[in-house]
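Build the full structure now, drawing on both the sequences and the hints.
2 protein chains.
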Amino acid sequence: MTKVVEPVSVKSQAKLAQKASKSLGMLSTQVKNEALHVVADYLDQNVATILTANEQDLQNGKKAGYDDAYMDRLALSEARVKEFAQGLRDVAKLDDPSGETLDEWTLENGLNVATVRVPLGVIGMIYEARPNVTVDATGLALKSGNAIVLKGGSSAIHSNRAIVKLMKEALANTEVSSDAVQFIDSTDREATEELFTMKEHIDVLIPRGGGKLISAVVNNATVPVLETGVGNCHIYVDKDADAQKAISIFVNAKTDRPAVCNAAETLIVHSEWLSANKEALVSAFNEHGIGVYGCEKAVKEIERAEPATEDHWASEFLSLDIAVKVVNDVSEAVEHIDNYGTKHSEAIVTESKETAARFTGLVDAAAVYHNASTRFTDGSALGFGAEIGISTQKLHARGPMGLPALTTVKYVMSGSGQIR
Amino acid sequence: MTKVVEPVSVKSQAKLAQKASKSLGMLSTQVKNEALHVVADYLDQNVATILTANEQDLQNGKKAGYDDAYMDRLALSEARVKEFAQGLRDVAKLDDPSGETLDEWTLENGLNVATVRVPLGVIGMIYEARPNVTVDATGLALKSGNAIVLKGGSSAIHSNRAIVKLMKEALANTEVSSDAVQFIDSTDREATEELFTMKEHIDVLIPRGGGKLISAVVNNATVPVLETGVGNCHIYVDKDADAQKAISIFVNAKTDRPAVCNAAETLIVHSEWLSANKEALVSAFNEHGIGVYGCEKAVKEIERAEPATEDHWASEFLSLDIAVKVVNDVSEAVEHIDNYGTKHSEAIVTESKETAARFTGLVDAAAVYHNASTRFTDGSALGFGAEIGISTQKLHARGPMGLPALTTVKYVMSGSGQIR
Chain U
1 MTKVVEPVSV
11 KSQAKLAQKA
21 SKSLGMLSTQ
31 VKNEALHVVA
41 DYLDQNVATI
51 LTANEQDLQN
61 GKKAGYDDAY
71 MDRLALSEAR
81 VKEFAQGLRD
91 VAKLDDPSGE
101 TLDEWTLENG
111 LNVATVRVPL
121 GVIGMIYEAR
131 PNVTVDATGL
141 ALKSGNAIVL
151 KGGSSAIHSN
161 RAIVKLMKEA
171 LANTEVSSDA
181 VQFIDSTDRE
191 ATEELFTMKE
201 HIDVLIPRGG
211 GKLISAVVNN
221 ATVPVLETGV
231 GNCHIYVDKD
241 ADAQKAISIF
251 VNAKTDRPAV
261 CNAAETLIVH
271 SEWLSANKEA
281 LVSAFNEHGI
291 GVYGCEKAVK
301 EIERAEPATE
311 DHWASEFLSL
321 DIAVKVVNDV
331 SEAVEHIDNY
341 GTKHSEAIVT
351 ESKETAARFT
361 GLVDAAAVYH
371 NASTRFTDGS
381 ALGFGAEIGI
391 STQKLHARGP
401 MGLPALTTVK
411 YVMSGSGQIR
Chain V
1 MTKVVEPVSV
11 KSQAKLAQKA
21 SKSLGMLSTQ
31 VKNEALHVVA
41 DYLDQNVATI
51 LTANEQDLQN
61 GKKAGYDDAY
71 MDRLALSEAR
81 VKEFAQGLRD
91 VAKLDDPSGE
101 TLDEWTLENG
111 LNVATVRVPL
121 GVIGMIYEAR
131 PNVTVDATGL
141 ALKSGNAIVL
151 KGGSSAIHSN
161 RAIVKLMKEA
171 LANTEVSSDA
181 VQFIDSTDRE
191 ATEELFTMKE
201 HIDVLIPRGG
211 GKLISAVVNN
221 ATVPVLETGV
231 GNCHIYVDKD
241 ADAQKAISIF
251 VNAKTDRPAV
261 CNAAETLIVH
271 SEWLSANKEA
281 LVSAFNEHGI
291 GVYGCEKAVK
301 EIERAEPATE
311 DHWASEFLSL
321 DIAVKVVNDV
331 SEAVEHIDNY
341 GTKHSEAIVT
351 ESKETAARFT
361 GLVDAAAVYH
371 NASTRFTDGS
381 ALGFGAEIGI
391 STQKLHARGP
401 MGLPALTTVK
411 YVMSGSGQIR
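Chains U and V, in that order, give the protein sequences. Just so you know, we're using UniProt numbering here: the first sequence kicks off at 1 and counts up by one. Just so you know, we're using UniProt numbering here: the second sequence kicks off at 1 and counts up by one.
Hints listed in this document are in silico derivations from the structure and should not be mistaken for laboratory results. Just so we're clear, the structure is a prediction, and the values are computed from it rather than from any experiment. Careful: at least some of the hints might be erroneous.
Any copy, or any two copies together, can satisfy a pair, since identical chains are not distinguished.
What the hints assert, rightly or not - Keeping only pairs whose Cα atoms sit at most 30 Å apart, straight-line, the calculated DSBU-like set for lysine-lysine is:
#1 Lys168 to Lys22
#2 Lys297 to Lys63
#3 Lys300 to Lys239
#4 Lys22 to Lys353
#5 Lys199 to Lys212
Structure follows, in structure tokens:
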């Protein structure tokens, strides 16, 4: 007698996750929180296993010639592992969005209608490098009652494999099915692409990583996508801007963490303000080592500015460089943002409430700021406790996404025989 | 000197709509309501023009050999025109979702954070037959501050063209730009397909029509889609069901309006209940002229039942026919729904609160019912005033969609120089 062993396919894994999501969705908050603690403790106890696996990824990364920044994102340490284990305990402390009754009313015929938050079901997470995403995303998924299918980057496959194995071992001792966490153990692009169209078994895809990864998912997926996008953010300094506020906001947005998505990439400046405050602005550029690429007018006004290319306007520098565009009014500023912005975070500095209202009304972005740095577009800065990512799409969730972004709504109707 | 006239392209129309959406988004509710009244009155005054155009579509439809149901959906009359004109005035009465502050808080550093509902921007509406959608969708879009790009079915092109021309003429006398309504005057499939990927200028696509149209949009669009889907709805009659409630709910859900999406297509029945209530059930089938296709057990028990095919389980009958599946417990019922349901509306009839809770908890659908007919999944039945469609997707909006489904959220931050 031969035993037929079905090969582990992406589809069979997604199906297992879907099945597990059913019972997971019915568990109490307490049971889910206990499971998160069990997983956290187990990761803590098995740091060595994770670091050994990570060492393999690091050696392969060295061979592949990855740059320092990339290697740093890939590298784990005891402290980093303890940090993401602690992250699971922190997620356990957050309010459980699932099961919350959002609204409830009774029709004239006596039918009771309630809208209840429920888990989305199965989340497909497609991500690059950082192995901490493996743990963070799993924690957020389980807490909100969702199963998760993880497809990490090839460069972190040993770390991710080890982490998931441990998480599943830990879950086996809890009421959460270990099938609720699925790891696509493959470096094939085909495996990722299979996830794109698995509408029957996966409810949402969340890509986390560079622009290329995100657009590959957005352009090819039939599964709905939660798009966490690139931030090409602008600071517009209006003619009525306070000079000190303007320079401090701009410097903060540009230099605090240049590589993050809510950092400023272009300074749009009103010609009158520039004439009046050129010296102070140039001093700030010099003091903070900011490289300047400018439009024709900016190049004329600012000695050290080099001409900006189309690419400078359209892309993130992710460095201490900035593009400078000189405009003659707020409409021109809004037009520039319309052309080049990525609908992430956009700021105006002005003492005119009218101009501020015009700017925040007209600019189409997840977050619009008046007299503050764009750096506040961030789940932790806003007090969300945890963040799945920052959505630059308009449907479902926009801006920093907390746990509720991983839920949908269900109409629950209770009657006594009502017909229409 | 030759004058270069740019041809009217789908892209140029989408761009015009996008430009118009900017100023439209800033208009007050009152101004938008006034515009809706101006359009309604103008349509009323020009019924004859619309009916003449409709006559052309009807003649073409006759030549093409469309069936009666189709011709009925296509046909306009003075009464129907007055009805959709009145629909615009009704939409004017609804609350304007746009501009509503959903939440507001102040960070420790004094930065004020508000989440404000704002229009999505530009809605791409792709629909078949019924010319009333042209007016209904435009009214909902404008009321919520959105521009709209309309792509109707070829068979209604004369009616739609005439209606849009009148709406734009009317808007020219209001503060709403007539560019906010764009009509893709083409019967080419390519024109529709161009809309699928116009992410830069269109914020959401809403397909309204048959399953083929919807899946073409879902499978090919990179623009986010609000999926309004097919309803393959089930009534599960549990062993603890009250016989009178069960039969009355089933008959209502099946026969009230068999062609609509919230009608029942399959009756799942517990074997014990069936044994005890076979006669009453068969009488109801007979009384209402219901054709029965059954699983093996059902065919054995119910004399007039023919064997059901896979297609009977998987598709909408849209007629007085029903598929009958006999099960031994609620889990088996849920499993059948998981396999064949379309996540629209699903009902259980039972006197057991426990079984009801299990069913409504486990079944994954926009609406789940305990002891009531599925026919209540409907914007007007629930008191929404107007409905863009019934969403069977989980992201953004689920179930009957009112005006808020056409909005997104914007974080509006007001500070006094806050940096991080």
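Problem set entry | Contradicted hints - numbers only | 2
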